[in-house]
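Participant: If you read the protein sequences in the order shown, they are chains A and B.
For the record, in the first sequence the residue sitting at position 59 is 59 according to my numbering, with numbers rising by one throughout.
For the record, in the second sequence the residue sitting at position 27 is 142 according to my numbering, with numbers rising by one throughout.
Read the hints as simulated data drawn from the structure, not as lab findings.
It is possible that part of the hints are untrue.
From the derived model, a few chain B residues whose C-beta atoms are all more than 12 angstroms from chain A [stated by the list, open to error]: (1) V119; (2) K129; (3) D141; (4) N143; (5) I217; (6) V227.
To be clear about the criterion: a stretch of chain A counts as covered by chain B if any three or more of its residues have a C-beta under 8 angstroms from a C-beta of chain B, and this derived list gives those stretches [stated by the list, open to error]: (7) 36 to 49; (8) 100 to 112.
In silico contact screen, one side only, chain A against chain B (beta carbon under 8 angstroms); selected entries [to be verified]: (9) Y32; (10) Y61; (11) R94; (12) L96.
By construction, the Cβ of each residue, glycine as well, lies at the ideal position given by its N, Cα and C atoms.
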Amino acid sequence: AQSVAQPEDQVNVAEGNPLTVKCTYSVSGNPYLFWYVQYPNRGLQFLLKYITGDNLVKGSYGFEAEFNKSQTSFHLKKPSALVSDSALYFCAVRVLYNQGGKLIFGQGTELSVKP
Amino acid sequence: NAGVTQTPKFRVLKTGQSMTLLCAQDMNHEYMYWYRQDPGMGLRLIHYSVGEGTTAKGEVPDGYNVSRLKKQNFLLGLESAAPSQTSVYFCASSPASSGNTIYFGEGSWLTVV
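Make a model of the complete structure from these sequences and hints.
Facilitator: Encoded structure:
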């Protein structure tokens, strides 16, 4: 079965420090991987995705993610965190050829950036 | 720049009442989805549609029905609401190819008392 795991419920970072939000996946075949961010009482906003090609993917708001096939990971990173980055982050894998290509989500990681 | 629009945004229902959540997308996407979000469980797929006039069950379809009479609209119905259906509901849409991004609406907060 395909699945996504986000091992940390919460990540705390000081403003200006680098941040990493971890994600591992289990899929058959090549994965289509996504990161979304959710601000309080809002919908999910797309940050970035990996489909193929360069393992380092750059996305919105200065975020990037590194695809590592051998470790089946897709960690989200940012070199310098902002207080405004505080939000709930979801990693997801898109299922191919089944259920409309649905997304399977991790449980989410709450990122808290303190001044 | 509307994207995916959900109505209503907030609703309180009594157990046994019925209601319909409306989702509209203006991006001419083939695929549409309804997810529910519950604390600690991420998002789970309720129903989905791969085109006008077609719908199918997702992971947690019990207690819900859907219809997609027009390509741009995807309706989620609760025939007899239960407290277990208290949740945040998200509609989403995407083009047909799995490499494409799925775009989400702003959510509908439903409380069943």
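Participant: Compare the structure with each hint and give your call.
Facilitator: Hints versus structure:
1. V119: violated (8 angstroms)
2. K129: The claim holds: B/K129 sits with its nearest Cβ about 23 angstroms from chain A, beyond 12 angstroms.
3. D141: holds (15 angstroms)
4. N143: For B/N143, whose nearest Cβ neighbour in chain A is about 16 angstroms away, the distance exceeds 12 angstroms, so it holds.
5. I217: violated (6 angstroms)
6. V227: holds (19 angstroms)
7. 36 to 49: Held - the region 36 to 49 of chain A has 8 residues with a Cβ nearer than 8 angstroms to chain B, which meets the minimum of three.
8. 100 to 112: Our answer is that it holds, as 8 residues pass the Cβ test (under 8 angstroms) against chain B, meeting three.
9. Y32: Hint holds; A/Y32 Cβ to chain B Cβ min 6 angstroms, cut 8 angstroms.
10. Y61: Interface hint status for A/Y61: violated (16 angstroms vs cutoff 8 angstroms).
11. R94: holds (5 angstroms)
12. L96: Holds. Min distance 5 angstroms.
Consistency with the previously given hints fails for numbers 1, 5, 10, ordered from lowest to highest.
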